[in-house]
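In case you want the letters, here they are:
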Amino acid sequence: MSQGNRMVNALFVKNYLKLTVQFFSGKKQLRTAKAARRKIISMHLPAGIELVLAADAMPIFLCRIGDYSQQEFLRAARLYQGVFGWNLLTSGMQFLRPFLGNNFFSDIIDKFLTGLYSTYEKYIEIAENAGSPLDACFGTRILLGATWPHLNQIHGTLGYCLRCGWFSKAFEEISEKSEVIFLEVPNIVNSHAEEMMKESLNQVISQLEKITGKTITSEKLRTQTLLLNEIRSSYSKIIELASQNILRLSPLSYANLLSMLHIGFTDCVGDPKFFNQTLKLLVKDLEKIPKNSGIDATNRPKLLLVNAFGGYEPHLPEFVDTLGGRLFVADWDVFKILDPIETSGDMLKNYADAILRFESFWIDNSTLVDRYIEVASKFNIDAILFNNMYGCKSITPSLRLFKERLHDTDLRLVDIGFQNIGDNYEQLKTRIGAMLELIQEERG
Amino acid sequence: MIQKLAFEDAENQLREFKEHGKKIIGVFPHSLIPDELIYAANAIPIKLVFGGDDHPTTKGTEYMTQATCPFARGCIGYFDQNDPIYALVDAFIGGNFCNGDLIASEMITKFFNIPFLKVTFPTTIKPFAMKFLKQEYLILKQKLEKFTGTQITQDNLSSTIEKYNKLRLIFQNLNQQMKNTNLPLLGEDLQNLIHRFYLLGPDDTLQFIKNLEIKQNANSRNRIPILLSGSGIAYGDDLIHMIEEFDTRVVINDTWSGIHFYLEQIATPSIEDPMETLVQHYLLGNESSRMVPNVRRIPRVMKLMKEFNIKGVINHILKFCDPYIADRNRFKEHLLEADIPMLELERDYSTSLEQLKTRLGAFFEMIS
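In the order they appear, the protein sequences are chains A and B.
Residues 1 to 444 in this note's numbering are what the first sequence spells out, letter by letter.
Residues 1001 to 1368 in this note's numbering are what the second sequence spells out, letter by letter.
Quick caveat, the hints were computed from the structure, so don't treat them as lab data.
There is no bait here: all hints are sound.
Think about it this way: if two alpha-carbon atoms lie no more than 20 Å apart in a straight line, the pair counts; the simulated SDA-like pairs of lysine to any residue are:
| id | chain 1 | residue 1 | chain 2 | residue 2 |
| --- | --- | --- | --- | --- |
| 1 | A | Lys210 | B | Lys1126 |
| 2 | B | Lys1126 | A | Glu194 |
| 3 | A | Lys177 | B | Pro1293 |
None of these values were measured; they are calculated from a predicted model.
All chains should be modelled from the sequences, with the hints used to inform the complete structure.
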């Protein structure tokens, strides 16, 4: 059974559909922003988005922008909803479902996902052709590969100087061709780190103001932070709902939703107000499980993917689902980026504290492992899927620490390698399959 | 001419230091930790410079990923195999110089139970980054004072800086003398001397230099002057020796195991703010490619090329050494534009010597 078949019901959940359409409409978002003469800032991590929004710029995560083979559906859906609204679009689709058949809709989903994977592959190829080191992790290569074709469309890139020096160097490379606004985050949390963080933020603010010609006031930053806090709350709620045993959507729909949110949260799919509203309603949709029609996922072991933000094999949700498990992608929860940011008092200080808090959960690998275990326990995770990403020398050494800590938990761990999409499907399936079998056997 | 410090001699000397109550403080050889502070705290800063051997590197892979540079992995490997010199280390200073240092610091502390004094480095050289590093140095000073039981006074810091500057000057002079083709001094000699200093500290090296005699020799061979840039050369890595076997002379060793230490003197520290002086030197004057943006390497190499009449450049990249891999394309483009012959030598400690020799030989043939 194809992925689309296992997810087809999700397409008829209005807010799931809205989110999907918006997620895949990156190209259109760029065009709209350009027409409105709005400045576009490329983002690669969710830290700093409030600043970009407070400068009235549009945040964009370039990895999301692609040529999707299902553009006809996208165009039709956008056109139809533009005239009749989302309600009529979904009810129209419901109406057509018996005539067109499930396969028609599952094909659409499959094309969306295939298109997304090819987009990633294309960016990796661009990076390699441009001479980016093959030794770099997937995340760094895709960051560069997604940036090069869009240099003329963006007005700046929010670059990060944080604990991974390799990542900072990638932004340095971009800075030779386009403006980079460096946000320097110290790899320690103390009073002078806070001072540095505030000054670093002030510098980011000045640079954003210069690019956009708009002033970032404390009030504007507060307003955007309040908005993002609402998004954080809904996102957290969706992760929690995904961990329940009785689900409104199929486990694969949830796994792909978490993957989509993992990426989409970085730039709030280009429209934070829409994102906020849609997520809020989606939470309501997902909470409403009609009697006797919930999907029982009790027997499906839960696997937490660690870490995800450097990139992972995009077919993982499908593989895990096919093998009888449920995949969780929850990095932003692990790093506490989904915790609300304080909005009373000095906003610069609040924001500096929030970014340092994010830094504090990966300040070293022991802390990171503790946090992963904490999150695994919160969601009753059965096993850790350790994304042993080739080229990552910063986080993947936590594997050894992880293995040592496993003795204190009931968790199991399977170490999966990842360098490029499609490199080792069979090995992946075998390893994950063996782990799931073992868990199932233990459960009797 | 200048013999490599024998391992046993280094070990004996360090034991002697310890017997005299000195603490041995291990640091990575990268250039953001001020050795002067350690020495002023009456301790011996020992740079963890061992490398070049594939066995400890492989061992290190049990702690770090294979995608970490062989030097950092090797460093853990030496601790793991209880290397007699590393076993003498009383405390360890590390930080986030690069991913290798960051992870090696964490693993060494965790698995080998060595007290760890963490220093966090900024990535940029903006004013706030300087202010931040100054605070980090102040904290390091306090930690060192506590650990060694010695107060770092303005006086002993100033005299230490003076001593280190004296060494810098000696190294500069020796390097300058290499312009003289009748002097048999080779890059390997300078490398041996700097390794000696990194392992035994300034007093031993100053004493050693006092007895050093370098005589002119009219029969000295006219060797091709080479500049070696990039990842540093570990004690145990014979790369420079191998390069010079081809009738070349590594006149400039533009790495942490060479000129980065002695290119610039530290200014006389101000009485009110000696840490500011250290920050100015170590952060603003940092010669590595680690900083963002990395603005010093290319102009420095161009200047040295001219001054020392260099005929070719070897860009030495240890596999997975982030700062130099990231800088690779830019460096290559600049040198190509300037029509400077360059050999890019990416390797780890398991790279076949024959393969290296073939590549070196072909390059020297081309530029000779």
